[in-house]
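Just so you know, the sequences run in chain order A, B and C.
Once you know that position 128 of the first sequence is 128 in this note's numbering, the rest is easy, because the numbers rise by one and skip nothing.
Once you know that position 36 of the second sequence is 36 in this note's numbering, the rest is easy, because the numbers rise by one and skip nothing.
Once you know that position 107 of the third sequence is 107 in this note's numbering, the rest is easy, because the numbers rise by one and skip nothing.
Some hints here could point you the wrong way.
[Stated by the list, open to error] In the DSS-like style, the derived pairs of lysine-lysine whose C-alpha atoms are separated by at most 30 Å in a straight line are: (1) A:24 - B:27; (2) C:64 - C:143; (3) C:143 - C:60; (4) C:32 - C:60; (5) C:64 - C:32; (6) B:27 - C:64; (7) C:60 - A:24.
[As the list claims (entries may be wrong)] Sample of chain C residues with no beta-carbon within 12 Å of chain A, all distances over it, derived: (8) 37; (9) 52; (10) 62; (11) 67; (12) 75; (13) 100; (14) 124; (15) 129; (16) 137; (17) 177; (18) 234; (19) 265; (20) 288; (21) 290; (22) 298.
Because the hints were derived from the structure by calculation, they are not lab data.
Note that beta-carbon positions come from the ideal geometry of N, C-alpha and C, so glycine has one too.
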Amino acid sequence: MANLIAILAGVLCLFMGVVVISAKNPMHAVIALVANFVGLGVLFLLLHAEFLAVIEVIVYAGAVMVLFLFVVALLMAGTRAPQESRGKNLPGQVPLALAVTGVFAALVVFALAVRTVLVAPPPSTTDFGSITNFGRALFTTYLLPFELTALVLLAAVIGVVFLARER
Amino acid sequence: MTLPTVDFLVVSALLFAIGAVGVMVRKNPLIMFMAIELMWNAVNLSLVAFARQFQAISGHIFVFVVVVAAAAEVAIGLIIIVLVFRHRDQADVDTLNAMKG
Amino acid sequence: MALTVGIDIGKALLVIIFLQAAFGYLTLIERKLLGRFQLRPGPNRAGPFGLLQPLADGVKLLFKEEIIPAGVDRFVFLIAPMLSLLGALMAFAVIPFGSPVHIFGRLVPLQIAGPSLSLLYVFAVASLGVYGIVLGGWSSQNKYGLLGGLRSSAQIISYELAMGLSVIGVLLAAGSADLNQIVSAQTREWFVFPQIVGFIVYFICAIAETNRAPFDLPEAEQELVAGYHTEYTGMKFAMFFMAEYINMITVSALATTLFLGGWHGPAILPSYLWFLIKVAIFLFVFVWLRATLPRLRYDRLMAFGWKVLLPVALLNAIGTAAWVALVHP
């Protein structure tokens, strides 16, 4: 049952990923990316990362993608919506991109296939990714990185306020 | 019977590749940006999968930091996109050549 | 195994059917109460006391012509109301609405599912509900729809922050993010007393999250016709409407669970009735506020959320944390 859900969620993620990069309309890309994040949340849940699964949905699907939605709706509204010029690529842009990433993906998959040590996961303790364990690690061992992320967010807030101020 | 870690890693690698293709092929800045988000999350998936494999909570902390960094990056990136493309009729990064020598 | 699955499906169906019925009668009760507040009888033609009014409204909406405006993005236009309703219905899945009961000789919790992070699950699902509104507003190719959708996304993001922070006090006091444990932590004392600040902030944010008066900016009829659902007709409009009312029930149920002791109450009534009574009190307050308060101006709304509610909720969270760490280890 869990395996079936995992396979479905994985296929959903990959399909929605393809939709994101092939969508003509950015709004469709936003919807596909939200579906992708929900699928990833399911995968996280199956990997015993329940807190991260919720964070993935709340932060990415609930906040980051709403920002995207906002910007797409603002920029793409009306009849004078900016369009992406099609067909004026650099020489060999699409085939080269496909080739490079294809080789990369094949290499990674091959490397994973020969590493048989990753085949059998250890039995997880029931509270491995629980909010308690996560919080304890975050606020003791990893306190400094946590404080630094706060600094990163502060920098981002100041940057956005600076850029968005009325001139 | 849980799925082996390697299956999750394959999904992660393919997602990363899809995102990379998106960044290289598309010219709409918004879709390129979304493809970058796709790549971030592909990496997150592999980190979570490795965390379960080695029972290491540090993998989860790493994902947390990545999520925060990505949120900050999106906020900054989107305001730049809005400022640059508000008065243009082409949402196309190839037209941004004002600094061309 | 089959019995467990059967009971689970039964519970899910029961909750969904109950929510639909509650939606229907909530519209009637709201119109009745609004009528009373304005010294008029309210709907009283369909059936005794107007009790068949929801049925009449439902039949009318079912038989209305479905209009899809020219030039809209049909796919987005069609999924927007569905997303809206889906988010509203899914959030109810983890709310415990009664003490466990015996069915077929086994103890069944009155809750569809009880994950250990059920409180965060509610917030995750609730944060997805905004997509229906924004996509509906954007896809109808209508300036009022677009403005309503954009206003709504800004409003919901702003108030979600304060809402999340206001609940942290309860989380700390109960020591768990599991709604069941939060309910059982309130056996002796309801959290509304020590967490009165959190409760007030939560309730104000809940009104804003559900787009109800005095925060109904996204559908301010004098400025925006009907906001994000201007172009929707028939059942698609009904789905938006249903989502708004079911969201009201959900935030009321969550407020009951977090602050008013959930289904706890004196044993003279069954636990689920206590739960219903408490939710009904919140719903009455929702209608009361709509009948009483004028709508806020948009910049006032934003300033209130960011400059008042957010700092207050933050101080409450810090204060509770200090209390838990120092006084109540």
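Status of each hint after checking the structure:
no. : hint         : in the structure
1   : A:24 - B:27  : holds, 11 Å
2   : C:64 - C:143 : holds, 24 Å
3   : C:143 - C:60 : holds, 27 Å
4   : C:32 - C:60  : holds, 19 Å
5   : C:64 - C:32  : holds, 24 Å
6   : B:27 - C:64  : violated, 43 Å
7   : C:60 - A:24  : violated, 38 Å
8   : 37           : holds, 35 Å
9   : 52           : holds, 39 Å
10  : 62           : holds, 28 Å
11  : 67           : holds, 21 Å
12  : 75           : violated, 8 Å
13  : 100          : holds, 22 Å
14  : 124          : violated, 4 Å
15  : 129          : violated, 9 Å
16  : 137          : violated, 8 Å
17  : 177          : violated, 6 Å
18  : 234          : holds, 23 Å
19  : 265          : holds, 29 Å
20  : 288          : holds, 30 Å
21  : 290          : holds, 26 Å
22  : 298          : holds, 15 Å
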